[in-house]
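Spelled out, the chains give:
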Amino acid sequence: MENLKCNNISKSFPGVHALRDVDLTILPGEIHSICGENGAGKSTLMNILAGNLQPDSGEVLIDGRAVKIESPQMAFTFNIAIVYQHLSLVDSLSVAENIFANRQPANRFGFIEHHKLHEDTRQLLDSLGLIAIRPDTMVFRLSPAEKQMIEIAKALSRKPAVLILDEPTASLSHKETQLLFTILRTLKESKVAILYISHRLDEIFALSDRISILKDGRSQGTFMLEELSREKLIATMVGRPLNVLKDFSHSRPDVLLEVSELNGAKFKNISFKLHQGEIVGLAGLIGAGRAEIARALIGVDERKSGTIMLNGVSVYFDHPRDSIERGISYVPEERERLGLFPEMSVRDNIVSGDLGIAEERGFYSVPKATRVAEKSKNILRIATPTVDQKVMNLSGGNQQKVVLAKWLLTNPKILIVDEPTHGIDIGAKFEIYEILRSLAAEGKSILIISSDLPELLGLCDRIIVIREGEVAGDLPRAVATEEKVMSLAAH
Amino acid sequence: MLKKILEDRVYSLLLLLVVVGIMASILFPNTYPTFDNFRQILLNLSVDTIVAVGMMVLLISGAFDLSVGSVVAFAGCLTAYLMHFYQLPVPIAIAAGIASSMFIGWLNGFLIAYHGINPMIQTLAMMGIVRGMALMVSGAGIQNLPYWFNAIGQSKLLGIQMPVWYMLFTVLIFSFLVNKTVFFRRFYYIGGNELAADLSGIRVKRMKVIGFLLASTLAGIAGILLSSRLGAALPTMGRGLELRVITAAILGGASLSGGYGKIPGALLGALFMGMISNIMVLGRISGYWQEIILGVILIATLWLDKFLQKKYAPIT
Amino acid sequence: MLKKILEDRVYSLLLLLVVVGIMASILFPNTYPTFDNFRQILLNLSVDTIVAVGMMVLLISGAFDLSVGSVVAFAGCLTAYLMHFYQLPVPIAIAAGIASSMFIGWLNGFLIAYHGINPMIQTLAMMGIVRGMALMVSGAGIQNLPYWFNAIGQSKLLGIQMPVWYMLFTVLIFSFLVNKTVFFRRFYYIGGNELAADLSGIRVKRMKVIGFLLASTLAGIAGILLSSRLGAALPTMGRGLELRVITAAILGGASLSGGYGKIPGALLGALFMGMISNIMVLGRISGYWQEIILGVILIATLWLDKFLQKKYAPIT
Amino acid sequence: ELPPKDDSLKTRDAYTDDADTVITNEEYVMITTAVTMPMYVNHDQAAFIRWGGKMGVKVSILGPAEWDVPAQINTIEEVIGTRPTGLLINGTDPAIAQVINKAVSAGIPTVVYDSDIPGSNRHAFLGTDWYEIGKMQGEEIVRLLEGRGKIAYMGILGLNNMESGFRGLLDVLKRYPDIDVVGKFDDKANVEEAARIASDVISAHPDIRGFCGFDSNSGPGIALAVREAGKAGNIKITTVDWEPEHLQLVKDGVIHMLAGQKRELFTWYGAQFLYDMVHHTNKMAANDAKAGITSIPLEINTGLLKITKENVDEFIK
Ligand SMILES: Nc1ncnc2c1ncn2[C@@H]1O[C@H](COP(=O)(O)OP(=O)(O)OP(=O)(O)O)[C@@H](O)[C@H]1O
Ligand SMILES: Nc1ncnc2c1ncn2[C@@H]1O[C@H](COP(=O)(O)OP(=O)(O)OP(=O)(O)O)[C@@H](O)[C@H]1O
Ligand SMILES: [Mg+2]
Ligand SMILES: [Mg+2]
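Protein chains in written order, with the numbering used here: chain A, 472 to 962; chain B, 92 to 407; chain C, 92 to 407; chain D, 9 to 325.
It should be emphasised that the hints constitute simulated quantities derived from the structure, not laboratory data.
Heads up, some of the hints might be wrong.
DSSO-like cross-link-like pairs, simulated, lysine-lysine; straight-line CA separation at most 30 angstroms [to be verified]: (1) K539(A) with K861(A); (2) K839(A) with K247(B); (3) K247(C) with K239(D); (4) K94(C) with K737(A); (5) K861(A) with K846(A); (6) K839(A) with K353(B); (7) K94(C) with K739(A); (8) K271(B) with K775(A); (9) K66(D) with K259(D); (10) K353(C) with K296(B); (11) K846(A) with K271(B); (12) K476(A) with K659(A); (13) K95(C) with K587(A); (14) K239(D) with K259(D); (15) K94(C) with K775(A); (16) K95(C) with K737(A); (17) K587(A) with K94(C); (18) K397(C) with K775(A); (19) K646(A) with K539(A); (20) K296(B) with K402(C); (21) K775(A) with K401(C); (22) K296(B) with K94(C); (23) K247(C) with K317(D); (24) K296(B) with K839(A); (25) K397(C) with K353(C).
Using the sequences and the accompanying hints, generate a full structural model.
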């Protein structure tokens with residue numbers, strides 16, 4: 472393939488112009504990044520290239536020939552493969568069958584050769600450094616990060632000429648991210664054209680040759696990496712000045728939460744304190760068990776042993792309801808599976824954390840709910856025409872904002888957030904950091920699980936490193952550095 | 092406007108009912124559009140509708156219960172049994188009948204929610220068990236029940252038999268509750284995404300038990316009402332009612348996968364089917380033709396609904 | 092080992108069947124473990140199982156079909172009708188019978204997949220329509236079918252009547268296909284995650300149509316087989332078969348929400364139910380007690396299954 | 009507004025008429041349940057339709073497709089509103105007494121057939137006592153087995169008429185201590201079910217000697233199981249109904265006796281009674297209704313027919 476061109480592509484959904492006259496050219500052997508705020512239209516554009524959406528106007532050209540990519544199957548025939556922002560795996564099937572979905576190696580009678588299927592998968596997994604995962608593992612047993620890697624493997628297995636990655640690293644931690652980059656660079660050598668979407672600017676600058684910027688569905692132009700400074704990039708995509716983090720702590724001496732000798736399915740002897748107004752980070756590799764710790768804290772998962780002291784009194788939660796009532800809220804990772812009610816409206820989702828807030832004189836009131844939702848929508852700048860919109864129609868980042876809004880409304884004393892800025896643009900990121908900070912300022916404490924190290928380093932008063940389910944270190948801000956954390960986290 | 096109507100099954104169904112009603116009135120000018128006829132239609136679907144309301148709540152939460160038909164029979168028979176063979180006073184017998192249906196519902200919910208037993212098989216098995224128990228208590232059926240018991244279902248208000256009023260009452264109450272109370276709205280979230288609902292602090296398991304309890308209780312009440320209306324309790328009451336009721340609810344906008352549906356839909360769904368069969372009676376259509384025509388009408392209706400939606404209210 | 096067994100319903104059910112079998116042989120040493128008894132059990136579930144295989148495929152893809160029972164009746168009656176009243180040669184009549192069932196299945200699938208008609212109502216309505224048509228063609232039922240037609244279902248091989256062999260054949264073929272061919276594996280993707288399946292380049296709608304087509308075709312074949320076994324075609328054949336078959340498939344490891352299930356499960360599920368009712372008769376359990384006890388056993392079985400799973404094979 | 013304390017007090021002369029009223033759009037409606045059941049279609053309904061043709065009056069048949077008494081009642085209620093000339097109602101269950109009375113007090117001539125409905129004000133009843141059907145089967149099976157051996161019986165449990173049939177059977181068998189009843193089974197009006205049960209019974213009791221069936225699917229089902237067990241002829245079968253299928257099986261010597269009802273007579277004469285009633289074919293008094301009498305028979309027992317290998321050929325058309 473010589474090149475892939477988009478000529479003034481437009482696409483609109485009820486109430487939204489997702490794309491307006493967007494032009495884009497991708498060349499083989501380049502890594503081409505697409506930047507833009509949440510809802511800028513990135514995924515929509517990618518979906519058009521992948522054959523899931525049809526543009527309202529404009530055309531896609533391959534080697535100068537106009538083509539209609541009417542279906543995913545068709546995209547495959549053009550050698551276009553995509554890693555979707557939302558996972559497209561089948562939980563009830565094995566890793567192998569997910570990677571080679573609908574194209575399992577078969578003999579000339581069309582009968583599947585299971586051993587070959589597993590061998591091929593094994594190789595692929597090894598090449599991605601996923602030694603731990605067996606080809607016949609059921610996907611529902613994997614952690615989101617692992618699922619994300621499988622998603623990538625699935626795309627790579629097609630040996631594509633054009634590879635699209637829509638926020639592949641959002642749930643990956645440093646280690647996997649680096650690994651992915653090396654793979655992408657080698658693909659680049661072999662003249663694959665790579666479209667890369669991420670909200671992590673360091674990645675953009677580390678990886679790209681060229682960068683195209685979208686804003687409100689309009690193309691802001693394509694730049695060579697050298698032409699762009701961080702500031703200029705941000706300015707073009709956000710269009711407003713960012714309030715950067717000043718690192719000072721609201722931490723107070725008195726302990727709010729004390730966890731001691733907590734043991735569970737995937738972790739052991741977890742002990743730590745959480746002070747009022749303190750922001751503590753949980754760092755670690757994938758599968759380190761951070762989410763499980765959180766789940767045990769709020770009482771979703773059984774805890775084998777250990778005590779949890781809230782304000783000095785020992786507490787036991789056997790259901791999130793209890794923890795929410797006692798002022799501990801958990802913002803789960805995996806928004807589609809654990810965070811959202813996809814077919815319900817933005818309004819219903821936002822009030823779902825505490826339906827009580829939608830009550831008026833003891834009865835549920837839609838107007839009240841709408842008012843509440845509208846408020847959150849404005850605070851978090853959720854891009855949606857109305858709060859009646861089904862949440863599944865929102866862009867990834869905006870969905871994440873809905874999840875956050877929902878949990879902020881439960882106004883907890885302790886907020887546990889798992890990958891809070893998963894897929895959120897830098898503009899919004901800083902707003903969220905501000906919100907977390909202000910919560911801390913009110914004397915609330917925050918436990919944040921994140922695979923985005925710079926985020927942790929910038930935000931946290933303290934970083935607790937988890938390695939294979941155990942506390943490997945507890946670094947105050949003063950001493951915490953990327954290297955220290957990584958060395959503690961690594962096996 | 093049209094868009095709004097088409098998007099909400101309750102409205103589109105209402106529209107359809109009006110159209111059908113008008114057509115029928117033209118076909119049978121002096122038998123169809125009469126007070127007597129409508130009174131009769133409503134009376135005949137009152138039992139189904141009361142059960143359908145409970146089923147609707149279950150369907151909203153993403154579950155369904157196949158044992159309701161048997162519960163209708165059992166609750167009716169048990170009540171009659173206690174009154175007839177033990178001369179228990181009417182209220183106590185009724186209380187016992189309702190209590191039994193509550194227990195059945197609770198058991199269904201408990202085993203499904205807390206022991207992860209497959210809902211379909213659980214309620215199907217319960218259907219057999221309860222039908223068997225109905226046969227056990229009532230044999231070939233129990234007649235001449237106490238006057239005051241029969242009065243419950245046979246007395247009239249404004250010339251309309253009581254079951255109709257009970258039905259309307261049930262529909263109103265539950266429409267209100269499901270719309271207006273946080274407690275009942277939880278069912279929508281459970282139907283929408285169970286895992287998320289649980290993390291949102293909704294005690295999913297407990298709510299599920301309540302859902303089954305409710306469906307079964309309403310079935311029990313309906314059964315007692317039916318036998319009071321018949322003045323007799325038959326072990327064969329409510330045969331195949333479960334499918335009829337689920338169909339009505341789905342016609343009324345529910346979905347087997349949960350998260351959708353409104354209480355009035357249950358009534359409208361049942362009303363639609365009631366009107367169709369009434370029209371077939373007036374048209375003297377029967378035998379296999381009634382099965383064939385009813386089926387064709389059902390499919391045609393949904394097809395039309397989808398077609399108009401695609402045309403005037405595309406849900407991109 | 093135990094873990095492995097418990098994780099896969101096919102194995103756990105097999106284990107259960109063995110245990111039940113042994114217990115029964117101890118309880119009824121000279122009536123239960125006899126060749127004749129097993130031959131009869133298998134013969135009596137052969138028709139159900141053939142239908143259950145098709146239903147299993149549908150359930151894997153996340154759908155189900157309530158019209159199969161009626162299709163059993165219709166295909167049988169139509170075939171008999173053509174042979175009896177038009178003296179059509181046996182093979183042609185059979186071809187026509189199967190073709191009709193294929194058409195019914197195709198229509199179900201087409202309306203559901205391409206016109207978005209609710210599957211439950213579509214197939215329920217079709218159930219009524221097809222039952223009606225069966226009554227239309229067969230009236231009182233049709234006797235004195237051609238010798239060669241009856242031979243299909245009544246002749247024996249190794250002392251076992253043919254239907255059993257056809258059943259085993261069907262189960263084997265489809266176990267193989269569903270395991271081994273890319274084409275049939277697709278149903279797992281569709282049932283597991285329709286969107287993902289679509290993104291993986293599977294033509295979901297087309298596959299759905301094929302699913303319904305298949306289920307209905309097998310039902311048709313089963314119906315023809317049944318009437319050949321009966322030596323007559325009765326319009327009442329296959330009453331309530333749909334629920335029996337779905338139950339068997341779910342017992343065998345399928346789930347209404349799709350993505351799970353294996354073909355042998357269909358056989359084992361049916362076999363389990365067949366064995367239980369056989370044992371109950373041996374145990375002189377009769378009348379309504381049969382229903383009650385069968386229900387209790389069904390629930391107890393699933394409960395035990397879950398319990399052991401929780402204990403020995405927890406899903407972390 | 010409460011229901012009347014006791015409606016049996018109400019005389020059935022709500023049906024008022026003067027000899028010289030002209031009957032407008034005359035229509036006779038038959039309402040049953042399980043309206044598509046072959047036995048009903050081929051006997052009751054066929055005869056009723058023939059009668060309509062002969063008399064040149066409109067006849068209609070209504071009712072739910074499945075066995076559903078409440079639904080039958082609903083249908084009757086809805087039909088009453090359309091004021092038919094006469095109602096012919098299948099007496100499926102005592103529970104329909106009320107609605108029959110409603111029809112009667114609405115002035116509609118109403119005849120009940122098959123099983124009588126005690127406590128109803130129906131103008132006439134024609135049919136047979138299901139208890140007798142049971143008795144007849146009992147006596148025949150006892151004769152066939154020379155009064156000893158194991159037997160099982162099946163039908164649809166919970167149906168009033170069948171349960172009294174069962175009673176009739178058991179009352180006979182009680183008198184024969186050497187007869188061992190091994191079970192009562194519910195074949196759910198379903199051939200496969202009947203066959204399954206029968207063959208289970210055969211393997212449970214290899215020495216089983218007889219079966220009695222009480223719904224029209226019992227016969228074919230039992231026969232199938234017996235044939236497949238290779239015991240056709242040795243195991244005696246008595247059952248109800250005489251569909252072509254049943255007759256064939258008698259001819260083949262698999263079934264030994266059919267306790268048939270003269271269902272044609274139920275509906276033919278039932279309709280005729282209605283006709284005569286409204287047309288005053290026979291007048292007793294100046295005005296029968298005013299006189300508080302009906303000009304048709306009150307009760308008629310059409311008797312049973314016993315079909316065995318000897319006379320079966322006479323029935324095969
Ligand atoms: N199916 C749909 N129906 C309605 N609106 C939609 C639909 N899909 C996307 N949109 C809207 O189109 C706009 C662009 O969405 P898109 O997913 O392309 O944003 P994005 O750039 O990928 O954002 P993010 O970085 O958060 O993923 C958003 O406002 C979104 O709400
Ligand atoms: N029983 C469960 N039910 C539902 N989701 C679960 C369950 N157990 C774990 N998860 C989810 O699967 C993931 C696996 O947890 P893991 O040990 O990988 O946590 P982690 O250390 O945060 O790793 P990651 O970087 O993937 O979040 C978590 O996101 C958690 O939300
Ligand atoms: Mg996106
Ligand atoms: Mg995590």
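> Between K296(B) and K94(C), is the straight-line Cα distance small enough, at 30 angstroms or below?
Replying inline: With Cα atoms ~26 angstroms apart, K296(B) and K94(C) stay inside 30 angstroms; holds.
>> Check the hint pairing K846(A) with K271(B) against an upper bound of 30 angstroms on the C-alpha distance.
In response: Holds - the C-alpha atoms of K271(B) and K846(A) are around 22 angstroms apart, at most 30 angstroms.
> Hey, K239(D) versus K259(D), does the alpha-carbon distance stay inside 30 angstroms?
Replying inline: 16 angstroms, holds
> Holds or violated: K397(C) with K353(C), Cα cutoff 30 angstroms?
Replying inline: 18 angstroms, holds
> Is K94(C) within 30 angstroms of K737(A), Cα to Cα?
Replying inline: Cα-Cα ~20 angstroms, so holds.
> If you draw a straight line from the CA of K296(B) to the CA of K402(C), is it 30 angstroms or shorter?
Replying inline: Status holds; Cα separation ~20 angstroms.
> CA of K94(C) to CA of K775(A), is that 30 angstroms or under?
Replying inline: Given that 30 angstroms is the threshold and the Cα spacing comes to 22 angstroms, the pair holds.
> Is it true that the CA of K476(A) sits at most 30 angstroms from the CA of K659(A)?
Replying inline: 18 angstroms, holds
> Are the Cα atoms of K646(A) and K539(A) separated by 30 angstroms or less?
Replying inline: 39 angstroms, violated
> Are K296(B) and K839(A) close enough, with their CA atoms no more than 30 angstroms apart?
Replying inline: 28 angstroms, holds
> Has the given pair, K539(A) with K861(A), been kept, meaning a C-alpha gap of at most 30 angstroms?
Replying inline: Holds: K539(A) and K861(A) sit about 29 angstroms apart, inside 30 angstroms.
> Is the Cα-Cα distance between K94(C) and K739(A) 30 angstroms or less?
Replying inline: Given pair K94(C), K739(A) holds - Cα atoms ~25 angstroms apart, limit 30 angstroms.
Hint compliance for this structure: hints 2, 8, 9 and 19 are not met, and every other hint is.
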